[in-house]
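For reference, the chains in residue letters:
Protein chains: 2
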Amino acid sequence: MRNIQILIEYDGTDYCGWQKQVNGISVQEKILNSLGKVMRDTQKITGSGRTDAGVHAWEQSANFYTESKIPIDRVPLALNTHLPPDIRVIGAAERPEEFHSRYHAVGKIYEYKVLTGQFPSALNRNRYWHVKDSLDMGEIEKAMAFFKGTHDFTAFSSAKSKVEDKVRTVNRLETEIVGRELIFQIEGDGFLYNMVRIIIGTLIEVGRGKLKAEVIPKILVAKNRSLAGPTAPPQGLYLKKVLY
Amino acid sequence: MRNIQILIEYDGTDYCGWQKQVNGISVQEKILNSLGKVMRDTQKITGSGRTDAGVHAWEQSANFYTESKIPIDRVPLALNTHLPPDIRVIGAAERPEEFHSRYHAVGKIYEYKVLTGQFPSALNRNRYWHVKDSLDMGEIEKAMAFFKGTHDFTAFSSAKSKVEDKVRTVNRLETEIVGRELIFQIEGDGFLYNMVRIIIGTLIEVGRGKLKAEVIPKILVAKNRSLAGPTAPPQGLYLKKVLY
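From first to last, the protein sequence lines are chains B and A.
Residue numbers for the first sequence follow numbering that gives the first Met the number 0, beginning at 0 and rising by one.
Residue numbers for the second sequence follow numbering that gives the first Met the number 0, beginning at 0 and rising by one.
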């Protein structure tokens, strides 16, 4: 049995998220439909993790098993033929039989884009969180430092999260300013449900002066979701890379 | 009578272009609808020029007359309330009564984005021309030099163009490479119908090695559209700025 890993870029705007659901169309479902046409023996695909409705991926990773003899370099093109233009397979590789997209991931990189300035953008309306208020970047950077390292991120995850162990390590958290864009990059060994969006929502509250940078360590220790900032909207979030 | 100039950003994907038409929904029509709600006396808006179906604008310029007493800094927000999210008014200013968006424009800046590499992009599918072939940038730059200056651009305009005088001046033509993106910027005193898209289509043919850079001056002199390259697709083109 061949175990094939594929890399997928998608625009999450019109999907209920990665994961197949009863209500709404998912990215996974669209890929399964395409797999069904290209490799007739494949009814299952495992992603590295979920992304929410409206969240994008520059490079989601997933794997599936097949007996198909299709050459590996033909896989992206063959799958793309049966996919809508807002989902593109951008890579494929043969993996050992035991390779698992989720269990074997050792980390993930997310990107979050904020658009500052008075007016929202027509061209990038589904690509950013538009924040009108002027932001104190010095305070934001001070707050960012507190998230780095290993912490219990209970306060920075959705109450709906069912995972028991909420300790995660953030290896990297950086910002870059390009014109009106404020781009965050965050790399960690794993992320809890809504964790990136709550961290960003909290950083923006700090930038607005509504929360002090110094309280971040206290919020982490208190493990209380209601002390952290709001969940930033989905359309600014991009799964950038899954690390193995 | 107040003469108000507005600046507009739009995503051209779902429109038949700037200009009001019998078939299809235009950007102009959407703005007119909004103007009708905000300033009840306004039934006309003059743009700096047309953009085709699928072509975008970072900053289109237009003006209209009104007796309305609305404060100028309230105009963008008021109009945006009645506009779809893919059209945003991003500026407004009072102008002298004789100001005319088209006649008084002394130049325009356009941007054209090409995406290179094997795979098209899901996230930017309506924002680029995807060109798979490897491109010889040295040859493209050699060809670019021939477009600069004052020429009769008959060969680089649509045969449908009804303008008599086809002499235009290209003041600036530059490229920038950012990752997989190849971005052209072109500034001139005015552009004929499809002129930017035919220049870009020709430059890509040169980059592919299908046309020699040295033939550009001959094509200009021959004034023969069929000797130039194809018209590049609309979704890579952005009206960046109208100069007054």
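It cannot be assumed that every hint is accurate.
For identical chains, the list gives no copy identity; a pair is met inside one copy or between any two copies.
In silico lysine to aspartate or glutamate, EDC-like type, Cα no more than 20 Å apart, as pairs [what the hints assert, rightly or not]:
1) K131 <-> D72
2) K29 <-> D13
3) K131 <-> D85
4) K68 <-> E28
5) K36 <-> E66
6) K112 <-> E180
7) K36 <-> E140
8) K141 <-> D85
9) K159 <-> D51
10) K239 <-> E180
11) K209 <-> D51
Derived from the structure by calculation, the hints contain no laboratory data.
Evaluated hints:
1. Only between protomers do K131 and D72 lie at most 20 Å apart by alpha-carbon distance; the minimum there is 15 Å, versus 45 Å within a single protomer.
2. Taking the closest pair of Cα atoms, K29 and D13 come within 20 Å of each other only inside a single copy of the chain (12 Å); across copies the shortest separation is 23 Å, beyond that limit.
3. Taking identical chains as interchangeable, the C-alpha atoms of K131 and D85 lie at most 20 Å apart only when they sit on different chains, with a minimum of 18 Å there against 29 Å within one chain.
4. Taking identical chains as interchangeable, the C-alpha atoms of K68 and E28 are never at most 20 Å apart, the minima being 23 Å within one chain and 54 Å between chains.
5. Taking the shortest Cα distances, K36 and E66 sit within 20 Å of each other inside one copy (14 Å), while across copies they are farther apart (62 Å).
6. Both within a single protomer and between protomers do K112 and E180 lie at most 20 Å apart by alpha-carbon distance, with minima of 7 Å and 19 Å respectively.
7. In the homo-oligomer, the alpha carbons of K36 and E140 never lie at most 20 Å apart, since the shortest distance is 49 Å inside one protomer and 44 Å across protomers.
8. Taking the closest pair of Cα atoms, K141 and D85 never come within 20 Å of each other, the shortest separation being 37 Å inside a single copy and 36 Å across copies.
9. For the identical chains of this complex, K159 and D51 are intra-copy neighbours only, at 13 Å inside a copy versus 47 Å across copies, given an alpha-carbon limit of 20 Å.
10. With identical chains, the CA atoms of K239 and E180 are at most 20 Å apart both within one copy (17 Å) and between copies (17 Å).
11. In this assembly of identical chains, the alpha carbons of K209 and D51 never lie at most 20 Å apart, being 27 Å within a copy and 45 Å across copies at closest.
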